[in-house]
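Since the structure of chain A is provided, determine the placement of chains B, C, D, E and F on it from the hints.
Protein chains: 6
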Amino acid sequence: MKDWLPTLQTNTPEEGYELAVKLARVAVGMTQPDAEIRKKLRPDYANDFDALIASSQVVATHFATVAAANGYWRDTE
Amino acid sequence: MKDWLPTLQTNTPEEGYELAVKLARVAVGMTQPDAEIRKKLRPDYANDFDALIASSQVVATHFATVAAANGYWRDTE
Amino acid sequence: MKDWLPTLQTNTPEEGYELAVKLARVAVGMTQPDAEIRKKLRPDYANDFDALIASSQVVATHFATVAAANGYWRDTE
Amino acid sequence: MKDWLPTLQTNTPEEGYELAVKLARVAVGMTQPDAEIRKKLRPDYANDFDALIASSQVVATHFATVAAANGYWRDTE
Amino acid sequence: MKDWLPTLQTNTPEEGYELAVKLARVAVGMTQPDAEIRKKLRPDYANDFDALIASSQVVATHFATVAAANGYWRDTE
Amino acid sequence: MKDWLPTLQTNTPEEGYELAVKLARVAVGMTQPDAEIRKKLRPDYANDFDALIASSQVVATHFATVAAANGYWRDTE
Numbered sequence: 002m003k004d005w006l007p008t009l010q011t012n013t014p015e016e017g018y019e020l021a022v023k024l025a026r027v028a029v030g031m032t033q034p035d036a037e038i039r040k041k042l043r044p045d046y047a048n049d050f051d052a053l054i055a056s057s058q059v060v061a062t063h064f065a066t067v068a069a070a071n072g073y074w075r076d077t078e
Numbered sequence: 002m003k004d005w006l007p008t009l010q011t012n013t014p015e016e017g018y019e020l021a022v023k024l025a026r027v028a029v030g031m032t033q034p035d036a037e038i039r040k041k042l043r044p045d046y047a048n049d050f051d052a053l054i055a056s057s058q059v060v061a062t063h064f065a066t067v068a069a070a071n072g073y074w075r076d077t078e
Numbered sequence: 002m003k004d005w006l007p008t009l010q011t012n013t014p015e016e017g018y019e020l021a022v023k024l025a026r027v028a029v030g031m032t033q034p035d036a037e038i039r040k041k042l043r044p045d046y047a048n049d050f051d052a053l054i055a056s057s058q059v060v061a062t063h064f065a066t067v068a069a070a071n072g073y074w075r076d077t078e
Numbered sequence: 002m003k004d005w006l007p008t009l010q011t012n013t014p015e016e017g018y019e020l021a022v023k024l025a026r027v028a029v030g031m032t033q034p035d036a037e038i039r040k041k042l043r044p045d046y047a048n049d050f051d052a053l054i055a056s057s058q059v060v061a062t063h064f065a066t067v068a069a070a071n072g073y074w075r076d077t078e
Numbered sequence: 002m003k004d005w006l007p008t009l010q011t012n013t014p015e016e017g018y019e020l021a022v023k024l025a026r027v028a029v030g031m032t033q034p035d036a037e038i039r040k041k042l043r044p045d046y047a048n049d050f051d052a053l054i055a056s057s058q059v060v061a062t063h064f065a066t067v068a069a070a071n072g073y074w075r076d077t078e
Numbered sequence: 002m003k004d005w006l007p008t009l010q011t012n013t014p015e016e017g018y019e020l021a022v023k024l025a026r027v028a029v030g031m032t033q034p035d036a037e038i039r040k041k042l043r044p045d046y047a048n049d050f051d052a053l054i055a056s057s058q059v060v061a062t063h064f065a066t067v068a069a070a071n072g073y074w075r076d077t078e
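Residue numbers (my numbering), protein chains in the order written: chain A, 2 to 78; chain B, 2 to 78; chain C, 2 to 78; chain D, 2 to 78; chain E, 2 to 78; chain F, 2 to 78.
All clues stand as given, with none of them false.
The list cannot tell twin chains apart, which means a pair is met if one copy fits it or any two copies do.
In silico EDC-like pairs for lysine to aspartate or glutamate, Cα to Cα no more than 20 Å straight-line:
id : residue 1 : residue 2
1  : Lys23     : Glu37
2  : Lys40     : Asp51
3  : Lys41     : Asp51
4  : Lys23     : Asp4
To be clear, the hints were calculated from the coordinates, so they are not data collected in a lab.
Bound-form chain A, shown alone:
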């Protein structure tokens, strides 16, 4: 997996949020590299609110980083 993260800069907050979601998912893939197993685990997970909230927490942590990296997109207004 090369060149998946060339920069933390994004044009809009929305793109920044999508990058945060991506950053959260990559770590999962690095720990369980087998896509087949991840696929099997996924249904349970998507039906389990605790896991959904925990995922949302990881996204929130990455979004804080991406937002800071972009100066909170203050200039884009």
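Leaving out everything else, chains B, C, D, E and F in the frame of chain A:
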């Protein structure tokens, strides 16, 4: 889902808090896109204090970001 | 629920801590708006140390934000 | 409980850490104000590593705030 | 384990992310130094989405630190 | 336990990481001061990946503080 996050700037801390709640919910929707399933999961979740507290934690993390983005609304006083 | 958060500024660290507790509770109320259900859930929760610690974590996250918003009350000494 | 937090400033990092422990405990007391019940819950909790680690996490979050408030005690060296 | 962390500076965000993954794993190794036991625990863990998400959370926290240390790689664009 | 934390400054990132591990452990000791009980709890804990990951999370939070306190060791390169 387009243009749901044009800016992190809000007029008041209260609007900032509402944005933080929204930011927390969007990640859940991205992980489990089926609104029907989310609806079924919701009742249990809303009656489970652990899940309520975990949700509140995600909101707190996003609120930190939104507050920083708004310079803590110091000028609005 | 209007005008519950006019500002993040407080006169003292203690008031800042109380605001952090309030910020933690509001998210719970937004997710489970039924006060009757929250009341029923509360006894278990208050007797469950895991939940007490998790609540304390949410307060800690909000207190970080409120403290930063107030410049850590350095001028009040 | 009045005047328990006059300032976030401490003379040393060690005192700052002790303040972080105090900040973590106060929230628990605010949620479960009955000291008798807290006392009953405590033994289980102190023998449960998950709870010990979760408590340590809350202390870590508060210590970050206290350390920032004190400029990381850089001048005390 | 000596000289495993000479610097927090990396050339690219991607290398910074890899460093964050490394920082997350080292603490696990320090707590359970027996590689044989870690190996035995690993399969369960890699098949348990809760653990995968929790690991991703640790990576996110370290990535925030590494990104700040690198000025968010703003100059590398 | 006196003079265990004279400063947050360390010579290298590696020493900073070791300090973060120490900061994480001290809180556990403050909550469960009986070393004998901690010793009994330890084996289970070291064989439980959830606990290992949670410990790693506490270390990550403290490492963020220590790294900031040291200006991310930028001058040591």
